[in-house]
Amino acid sequence: MKYNYEYDRKLQVAYIGGGEHSFRNILPSLQYAPIDLVALTDHKGDRGLAVARQFGARRFYPNHRALLAKETSLDAVMISVGPDEEGRPRYPELAAEALGAGFHVWIDEPPCLSAEDISTFTNACIRKHRYLAVGFVRQCAPAYLQAASLIKDKAFGQPTSYAFRFPMALPELTRRRTDKGASAMLPITGVVALLADLFGEIKGFSMVRGTAGAAVLSLQHANGTPGSLHLTAGQSLSAPRERLEIIGRRASLVVDGGVRVTYYRRVAPVAEELAGRQDTSFTGDVDSAPVVWAPQLNLEEPAAQHIALSGYLGSIQSFAEQLLAGQPPKHGTLVDALHVMTVFDRLRAGREQEWLEV
Numbered sequence: 183m184k185y186n187y188e189y190d191r192k193l194q195v196a197y198i199g200g201g202e203h204s205f206r207n208i209l210p211s212l213q214y215a216p217i218d219l220v221a222l223t224d225h226k227g228d229r230g231l232a233v234a235r236q237f238g239a240r241r242f243y244p245n246h247r248a249l250l251a252k253e254t255s256l257d258a259v260m261i262s263v264g265p266d267e268e269g270r271p272r273y274p275e276l277a278a279e280a281l282g283a284g285f286h287v288w289i290d291e292p293p294c295l296s297a298e299d300i301s302t303f304t305n306a307c308i309r310k311h312r313y314l315a316v317g318f319v320r321q322c323a324p325a326y327l328q329a330a331s332l333i334k335d336k337a338f339g340q341p342t343s344y345a346f347r348f349p350m351a352l353p354e355l356t357r358r359r360t361d362k363g364a365s366a367m368l369p370i371t372g373v374v375a376l377l378a379d380l381f382g383e384i385k386g387f388s389m390v391r392g393t394a395g396a397a398v399l400s401l402q403h404a405n406g407t408p409g410s411l412h413l414t415a416g417q418s419l420s421a422p423r424e425r426l427e428i429i430g431r432r433a434s435l436v437v438d439g440g441v442r443v444t445y446y447r448r449v450a451p452v453a454e455e456l457a458g459r460q461d462t463s464f465t466g467d468v469d470s471a472p473v474v475w476a477p478q479l480n481l482e483e484p485a486a487q488h489i490a491l492s493g494y495l496g497s498i499q500s501f502a503e504q505l506l507a508g509q510p511p512k513h514g515t516l517v518d519a520l521h522v523m524t525v526f527d528r529l530r531a532g533r534e535q536e537w538l539e540v
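Under the working numbering, the first residue of the sequence shown carries the number 183, and numbering increases by one thereafter.
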C-alpha cells in the first residue's frame with residue numbers, strides 16, 4: 183500500500199464537512215490515497231478550521247458556496263455531512279452544486295431518501311460530463327471482498343442461499359412512510375448495496391415485523407438466489423454488529439462483524455459403512471479443514487486500521503485511482519445507488535407479508 187507522499191499524481195480535492203465521522207473515518211484515509219486536500223469547509227468555523235489544520239488542507243472556507251466559487255482548479259469534491267432537521271440526507275443539493283461547478287464528486291452513504299432523488303445526481307452529472315460515486319463502503323471492505331472472491335471460486339460453487347444479520351429496527355408502516363421514520367432506516371442502504379454487489383440486483387422481497395421492531399426480510403435476486411435479511415433490533419451491544427453466512431455447493435462461509443471470514447470447505451461425505459461408527463469427531467483433513475482470515479491488529483499496518491477494515495479507505499482509493507486513469511468509478515455508481523434506493527422505497531412503503539417487486 184502506497185503512502186500519500188509516494189504518489190506521482192494526485193487528485194486535487196476539496197472536502198465539505200468536518201464532523202466527528204469525517205475526522206475518525208474518512209479524512210484519515212487520505213494518508214494512503216492519491217489525493218491532495220486543497221481546501222475544506224464546515225459550517226462550524228472553529229471546528230472546521232481545526233480539522234483543516236489537522237489534515238493539512240491549504241485553505242478553509244466558512245461555507246461550501248465560497249469554496250466552490252474560489253477553488254476553480256479542483257478535480258473533485260468529497261462530501262460527508264449530517265442530515266437536515268427531518269433526517270433527509272443533504273447530498274442531492276450539495277452534490278448538484280459541486281457537479282455544477284465542474285467537479286467530480288464522492289459522497290458518503292446514504293446518498294438520499296428516495297430513488298426520486300437520484301435524478302438530481304444524474305442530471306447534474308450529464309450536464310457537466312462529470313462522475314459521482316457513493317461511498318457504499320462495504321463493497322470495498324476487505325472481509326466482504328474476500329467473501330466475493332471465494333463465492334466465485336468453482337470449489338465453492340454457485341451460492342444457493344445466504345443470511346445477513348444487521349442490528350436495526352423496522353418502524354411501523356405509518357411511521358416509515360414519514361421522512362423522519364424513513365430516515366431511521368437509512369443505515370440499511372449500505373447493506374442492500376453489499377447484497378446487490380455479491381448476488382446481483384434484488385428482484386423482490388417480503389417482510390415480517392415483530393412487536394419490538396425486529397424483522398425478517400425474505401429476498402430473491404434476479405439470478406434466483408434467495409436470502410434473508412434479519413433486522414435484529416434488541417440484540418446485545420456486545421454481540422457482533424453484523425453477520426453474513428453464504429451457502430454454496432457443499433461449502434459455506436461466514437463473515438463475522440464485517441472483519442472475520444471463515445471458509446468451510448468441501449469435505450468428503452462419510453462412507454455409508456462408517457455412519458455412526460467414526461472414531462473421531464474432527465471432520466476432514468488439513469486440506470479440507472475450515473480456513474479463517476482475520477485482521478492482525480498488532481502489525482501496526484495501514485491494512486489493520488479501522489479505515490481499511492470498514493471499507494472507507496478502499497472506496498476513496500478506488501474513486502481517486504479511477505479518475506486519475508480517466509475512468510468512471512467502479513464502486514457506488516449511480517446505477518448502484520438507483521437500485522439501492524428503489525429497494526429502500528419498496529421497503530418504506532410496502533406492507534408486511536406481501537411480495538414486493540423491485
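Watch out, some of these pointers could steer you wrong.
Result set (PhoX-like, lysine-lysine): computed pairs, CA atoms no more than 25 Å apart in a straight line [what the hints assert, rightly or not]:
| no. | residue 1 | residue 2 |
| --- | --- | --- |
| 1 | K226 | K252 |
| 2 | K192 | K512 |
| 3 | K252 | K310 |
| 4 | K226 | K334 |
| 5 | K334 | K252 |
| 6 | K385 | K512 |
Simulated DEER-style distance windows between Cβ atoms [what the hints assert, rightly or not]:
| no. | residue 1 | residue 2 | range |
| --- | --- | --- | --- |
| 7 | S470 | K226 | 54 to 60 Å |
| 8 | E268 | E354 | 29 to 35 Å |
| 9 | Q340 | S470 | 15 to 21 Å |
| 10 | P484 | E268 | 46 to 52 Å |
| 11 | R448 | P265 | 44 to 50 Å |
Calculated from the structure, these hints are not laboratory results. Nothing here was measured: the structure is a model prediction, and the numbers come from that model. Glycine included, every Cβ here is placed at the ideal spot set by N, Cα and C.
With a cut-off of 25 Å on the C-alpha distance, tell me whether K226 and K334 pass. Distance of about 47 Å is beyond 25 Å: violated.
Okay, Q340 versus S470 on CB: inside 15 to 21 Å? With a Cβ separation near 20 Å, Q340 and S470 satisfy 15 to 21 Å, so the hint holds.
What's the verdict on K226 and K252, does the C-alpha distance respect the 25 Å limit or exceed it? holds, 19 Å
Please check whether S470 and K226 have a Cβ separation lying inside 54 to 60 Å. 56 Å Cβ-Cβ, so the 54 to 60 Å window holds.
Between the alpha carbons of K252 and K310, is the straight-line distance 25 Å or under? holds, 18 Å
Mind checking the alpha carbons of K192 and K512 for me, to see if they're no more than 25 Å apart? Holds: K192 and K512 sit about 18 Å apart, inside 25 Å.
Does the structure keep K385 and K512 at a Cα separation of 25 Å or less? holds, 22 Å
Taking 46 to 52 Å as the hint, is the beta-carbon distance of P484 and E268 inside that range? Given range 46 to 52 Å: violated, Cβ gap about 38 Å.
Range hint 44 to 50 Å (beta carbons of R448 and P265) holds or violated: holds, 46 Å
Holds or violated: 29 to 35 Å for the Cβ distance of E268 and E354? With Cβ atoms ~18 Å apart, the hint is violated.
Assess, step by step, whether the Cα of K334 is no farther than 25 Å from the Cα of K252, and give holds or violated. violated, 47 Å
In terms of the numbered hints stated before, the structure departs from hints 4, 5, 8 and 10, listed from lowest to highest.
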